[in-house]
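Residue numbers (this note's numbering), protein chains in the order written: chain A, 1 to 173; chain B, 174 to 604.
Keep in mind that the hints are not guaranteed to be accurate.
[What the hints assert, rightly or not] Straight-line C-alpha distance at most 27 Å; calculated DSSO-like pairs for lysine-lysine: (1) A/K46 to B/K260; (2) A/K158 to A/K125; (3) A/K158 to B/K226; (4) A/K74 to A/K3; (5) B/K201 to B/K412; (6) A/K159 to B/K189; (7) B/K247 to B/K260; (8) A/K125 to B/K329; (9) A/K159 to B/K226; (10) B/K201 to A/K158; (11) A/K74 to B/K201; (12) A/K158 to B/K260.
[What the hints assert, rightly or not] Label-pair restraints from in silico Cβ distances: (13) A/N28 to B/S458: 44 to 50 Å; (14) A/P105 to B/K190: 31 to 37 Å; (15) B/K416 to A/G51: 31 to 37 Å.
FYI, nobody ran anything at the bench for these hints, they're computed from the structure.
All residues carry an ideal CB built from backbone N, CA and C; glycine is no exception.
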Amino acid sequence: MIKGKAHKYGDNVDTDVIIPARYCTSINLADLVPHCLEDLDPNFIKKVKQGDVLVGGKNFGCGSSREVAPMTIKGAGVSVVIAESFARIFYRNSINVGMPILECPEAAKAIADGNEVEIDLAAGKVRDLKTGKEFSAAPFPAVMQEIIDIGGMANFVKKRLSERGKGNAKTSP
Amino acid sequence: MGMTVTEKILASRAGKKSVRPGDLIFAKVDFSMGSDVTVPLSAVSLRSMGTDKVHDPSRVAMVQDHFVPAKDIKSAELSKATREFAKSQPGSHYFEVGRAGICHTVIPDEGLVVPGDVVVGADSHTCTYGALGLFATGVGSTDLAAVWALGETWFKVPATIRVNYHGKIGPMIMGKDLILALLGRIGIDGATYQALEFAGAPISDLAMNDRFTIANMAIEGGAKNGIIEVDEITMAYGKGRWKRPPETFRSDPDAEFVQTIDIDIDGMEPQVAAPYLPSNVKGVSKVAGTKVDQVFIGSCTNGRIEDYRIAADIMAGRKVHPDVRMLVIPASHEVQMKLVSEGLMTKFLEAGAEIGPSTCGPCIGGHMGILGGGEVGFYTSNRNFVGRNGARDAQVYLGSPAIAAATAVAGVITDPRELKPSKIISGKAAA
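Work the whole structure out from these sequences, hints included.
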């Protein structure tokens with residue numbers, strides 16, 4: 001069970017505000033995390049605490065394909081991102097790098113900034129501890145659930161490679 | 174029930190007779206690519222997958238484009254990691270500074286992607302290649318590494334939105350105006366998880382450069398891919414270029430579209446996306462007169478030779494406004510060479526523009542031409558989010574090279590039709 005304070009932002013939180021390209025000359029979290037969301041809210045990184053929850057509106061993570069976007073949010077201590085909807089590359093990237101996300105329009109709309117939130121990731125349940133309201137997130141597509149269950153994309157690829165019998169077998173069309 | 178062109182390509186590469194929107198498939202990937210900002214992380218991911226070999230290097234490209242020539246030590250290290258990885262994969266396609274340019278211009282121009290392909294790239298504007306009647310989509314570094322390892326990836330088959338353009342292409346109207354008109358209509362998430370299929374007489378009339386512009390910005394509507402069916406213009410572009418035989422797919426007459434959008438461009442004025450969203454689109458007259466500090470013509474959206482021909486034509490005999498910095502950053506080395514051979518380089522220099530090396534440059538605000546606090550830019554690139562192009566309160570307007578050129582001369586956003594250029598080039602004539 002995850003418990004944390006909600007930091008709420010609006011629609012279209014894009015990857016350029018999540019981690020501006022000017023910092024993407026590095027893939028080290030130590031360089032990236034201090035700038036997480038700085039063009040959207042310069043105080044975010046000062047106020048976010050380990051385990052806190054990021055709440056966004058529609059189309060969270062739109063823009064570039066930079067995988068450091070979910071990595072940086074995770075690195076900042078965020079335990080889960082809840083949004084009304086996610087941009088598709090960000091959605092795939094988050095699962096691949098192990099940044100928990102939940103698509104849940106009702107929760108994203110209802111949870112107020114600063115509220116304590118409790119989340120059961122496996123069950124996809126979100127509870128606003130201030131209002132007592134409970135919400136259910138959309139299930140993941142089957143492949144994504146498989147990737148989550150196996151512990152990430154690296155393990156998923158290893159399994160598929162071993163199923164082919166040998167390490168670098170060419171794909172069969 | 175018939176299939177759309179996107180569904181047919183995905184079915185073909187998944188080894189299936191048919192697919193439906195929502196189906197989860199594993200599809201063979203014909204080509205994949207990454208850049209200096211994504212390859213280093215992909216290389217780390219690949220090793221975590223228990224291998225250090227790409228399944229088929231001949232179907233992989235690595236392009237130095239985002240932070241090159243290296244702007245500082247950190248970006249030099251990214252470039253170095255990309256170079257070292259490329260060298261560790263003999264047979265892969267590697268594009269070095271001085272022989273490269275922006276991936277989305279270089280890869281189609283080198284003939285590495287062909288109609289009918291499934292292409293993934295660790296860059297969101299990979300959708301550009303869809304202008305060639307193929308399926309192309311952006312992914313992150315780990316997904317790219319998975320493709321390197323497996324030669325395939327998983328997709329949820331997207332539903333298709335068909336966009337039918339109608340009418341005649343007016344003077345100074347370019348591919349950029351057509352795609353911005355759509356984005357203004359559907360918004361920045363109007364096509365999320367879906368395919369955008371562009372069709373209609375105006376699309377058939379457009380040369381490849383304008384078609385690339387349109388497919389390039391499909392992602393700005395959140396689309397998984399943008400696609401334009403193959404025709405004689407596509408085939409003419411590919412002649413002598415394509416490294417593999419093309420395969421042509423078309424949407425069936427009874428294909429099912431989740432939505433059909435009709436856009437009439439008759440009498441449409443040039444379009445501009447105002448800060449801070451590419452979908453915040455208005456006719457140029459609504460923003461005309463806005464003072465600008467910098468004009469940038471370049472990027473994977475509008476950095477092709479045809480773009481510079483139009484800009485040079487509008488600027489002929491004119492100078493860049495004293496209060497404006499104009500940056501001309503050709504999208505590839507090949508475009509740069511043409512600027513020289515066609516004499517456009519001299520024209521831009523004489524007009525007072527600065528010419529830069531082929532790189533993403535100001536588009537991502539990481540390298541060259543960064544905007545300071547409160548400054549205003551007019552860019553031919555694809556995004557104008559808060560902070561993307563410089564200071565948090567800098568503002569960028571997006572539009573065609575024609576508007577950009579007129580604006581550079583006037584110092585304020587200007588309808589290019591007002592400058593009465595010596596001759597009007599658009600559509601097929603520009604090819």
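Problem - Violations among the numbered hints - result: Checked against the structure, the hints that fail are numbers 1, 2, 11, 15, while the rest are satisfied.
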